[in-house]
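Peer 1: Make the full structure from the sequences, and use the hints.
Chain by chain, the residues:
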Amino acid sequence: MLSATETAGPAAAAPGPAAARTRTRVRSGTALGLGAAMTYLSLIVLLPLAAVVWKSADQGPGFFWRAVTTPDAWAALKLTIGASVVVALVNLVLGTVIAWVLVRDTFPGKALVDLLIDLPFALPTIVAGLVLLALYGTDSPIGVDLAYTRIGVVLALLFVTLPFVVRTVQPVLLELDRDMEEAAASLGAAPWATFRRIVLPNLLPAMVSGTALAFARAIAEFGSTVLISGNIPFRTQVAAVNIFGQIESDNVTGAAAVSTVLLVVALGVLFGLDLVQRWGTRR
Amino acid sequence: MAIEVRGVNKSFGSTPVLSDVSVDVRSGALTALLGPSGGGKSTLLRVIAGLEQPDSGTVRISGVDATRLSPQRRNVGFVFQHYAAFKHLTVFRNVAFGLEIRKRPGAEIRRRVRELLELVHLEQFADRYPHQLSGGQRQRMALARALAVEPEVLLLDEPFGALDAQVRRELRTWLRRLHDEVHVTTVFVTHDQEEAIEVADDLVLLADGRVKQAGRPHVLYDDPADTFVMSFLGPVTRLDGQLVRPHDLELSVDPVPAGVPATVSRVVRLGFEVRVELVVDGQEAYAQVTRRTADRLGLDPGAPVYVRRSPEARGAAVAAG
Amino acid sequence: MTRVALRAVALTYLALLLVLPVGLIVWRTFGAGLGPFVDSLTTPSALHAFGVTVVVAFWAVLANTLFGVGVSLLLVRHSFPGKRLLGAFIDLPMAVSPVVVGLALVLVYGVGSPLGRGLASAGIQVIFSIPGMVLATVFVALPLVVRAVVPVLQELGEDQEQAAHTLGASRWQAFRRITLPGIRGALGYGVVLAIARSLGEYGAVAVVSGRLVDRTQTMTLFVEERFGNFDQQSAFSAATALALIAIVILLLTKVLRPKGAV
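Residue numbers (this note's numbering), protein chains in the order written: chain E, -17 to 265; chain V, 66 to 386; chain Y, 7 to 268.
All clues stand as given, with none of them false.
Restraint ranges, calculated between C-beta atoms of paired labels, are given here:
{"hint": "1", "chain 1": "Y", "residue 1": "Val219", "chain 2": "E", "residue 2": "Leu25", "range": "24 to 34 Å"}
{"hint": "2", "chain 1": "E", "residue 1": "Arg86", "chain 2": "V", "residue 2": "Arg334", "range": "53 to 63 Å"}
{"hint": "3", "chain 1": "V", "residue 1": "Tyr194", "chain 2": "E", "residue 2": "Arg86", "range": "31 to 41 Å"}
{"hint": "4", "chain 1": "E", "residue 1": "Ile133", "chain 2": "Y", "residue 2": "Leu12", "range": "22 to 32 Å"}
{"hint": "5", "chain 1": "E", "residue 1": "Asp161", "chain 2": "V", "residue 2": "Arg133", "range": "50 to 60 Å"}
{"hint": "6", "chain 1": "Y", "residue 1": "Phe64", "chain 2": "E", "residue 2": "Ala32", "range": "26 to 36 Å"}
{"hint": "7", "chain 1": "E", "residue 1": "Asp161", "chain 2": "V", "residue 2": "Ala172", "range": "53 to 63 Å"}
{"hint": "8", "chain 1": "V", "residue 1": "Tyr194", "chain 2": "E", "residue 2": "Leu94", "range": "24 to 34 Å"}
{"hint": "9", "chain 1": "E", "residue 1": "Ile133", "chain 2": "Y", "residue 2": "Leu250", "range": "22 to 32 Å"}
If you're looking for bench data, these hints aren't it; they were derived computationally from the structure. Please read these numbers as outputs of a predicted model, since none were measured by experiment. Every residue gets a Cβ at the ideal spot worked out from N, C-alpha and C, and that includes glycine.
Peer 2: Structural data, given as structure tokens:
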């Protein structure tokens, strides 16, 4: 649903000659539109985010460091990063498997399964948390109680990040030329060798970018973890929930400090991904 | 003159595309902008239409300075290489578009569109959508759409470029006949010299953003300004340091005045024509003769012959650069 | 053999993660028939929360649609220095935690900031009020319309618009008659995604709304508040209603999804 393959962004628009061609056209119109867009973006996105970073630093780097390393904030950050790494790796493997099954396998109801993949994008995160708690909570009808545990947190993050790897790998797999695999097989490669030496190298960029997007989403996640984690500091509290708690108790500077860490990690991952992709396309 | 282009310069970024281009287009004529790809001919057409702004220079259409006029106000018909069909509109609505914009009465629009669809032989396709048409049909629809607004000039950008060879040939004959019927001043871009010579009244040969030569097709063919024009408009071969048309070469078994001794290296029969490949002074050349001539001379590889430029050949040979 | 094993792994994972949990909540909601479901969603609080959600989503989607179309045209049809950067700014909200979004807006528009105080003295309360919730929702759903429209606009090309110009159409006429019909599907797709995101937003709205019951409570906040107060029936009913909306939206996106996109 979200075209996550497009991380190069809309910025990749209009190549050379066309760009040069439009340059001579209504400079005033372009400037007006750009001004309006930047004002809108500044008021809603850029100024507020800048305010967070500013707030986190306005009492000096020492304060920032203490705010980030208070025992509960530090524990929350460690849990968030750790759980997100686990979630990203599970997505890397199972997301690719699901994409593979959706592209290469045929079975009744496949279209329905394909549709379901996007459900986590459409479902409100609080509802996601609630439905998981219903099956895997204290009242679990199957006797699996993951409420207020770290596994519960991982489960919630797996739910909301499910589409990323599937939806980035699937189109690549669809486009993948089966002739290559047949050629490899005709040259004597066993199925596993064909997969490892022919298919995997072609899928890897999509797998990596889907995994990175899933990771970025996981560290930012809030709604789905609120109910199932029980919000227990040092045990199940993730960073976003920690920030929320600090805002509620009016510790805005501390909240801003942890927020800044999350922002920096997420932007670092996405920026790194962009670099890898550009390097990949140049090669 | 229908169109007068004077001293037009245009660059994309730092790449010059048109350098000091001046062109006249006669009223009512069918003019071809001919040249190799990247030579600037499409850009010139787009400058005339107002789709590009020249960096300097002027464009006059029907005597009016149109240089700063938007395409909307130039009253030109433009046919795009890839049709630019309005995908969400039927053939009828495509053709009616310009008239609807001009808020013409419905009855007039219906009458005019029907006439135009008849003219381009699409009357039974009025309710179809562009994706239900073949390439040639789409191109004809685009032409009817451009003609609907009764433009002062009709501009066609590689109109047959995206079509296969058979349809191309049919459509260009048809375009010529259509032009003879409606007489609107028409400029079309092509890189195909055969197409240009066959269809156009006038040629403008553009290369590297400059006008190499302009005039009637036979003038450019027989009296080219330089070797580039000569070799672009038709086949050439070298003889005695000169570029000549291979069909202007005359072969004989016995010595003739001005005849140069040569050896036949290969004889290729292409139906009615025969291409005789020669070695003259250690240089390769070839002559195009009729089958009858070839049979009469009894040419075989290795045979010695004399070759000269036929005294009846029209136009001039050009010193090879 | 491998094929069957992979299929089993994929389907089991999806069943345990998605189908069973969502199915169970629908089952529990309707366990006692349709009556309790309807009753718990027609209480004054539930209806109010629904109204707030619709109002907030409406303004946010409207703003993002206008902005999205405008910025897409800017990115695809115009050329200016810093285009890549603008594209990156538009994608930025995808990398920001909803809670951070909320905090960011509180810092700028809350009474702790000069701007917030200025707005308050002019009688405009942003934080703990609808305008702030709209801002938060606009923030989180910002990239959706742009990302849906940009590729289609690129694919569409400029030829048709130029053809319209040569036929006498003004910029506005060419946009309305040619460009807009050309991007209609993609725009619908982007708008539907934005609606889904806007109806479902929780974290950012939780921070800026102050979670005031019967005043700034949206459906998602209602779910959380009811669950916290041990009113499972209401929480499950509201969650099921939101899930059903999500499923309808999924089906809509399936219809509207531009061809070729996955």
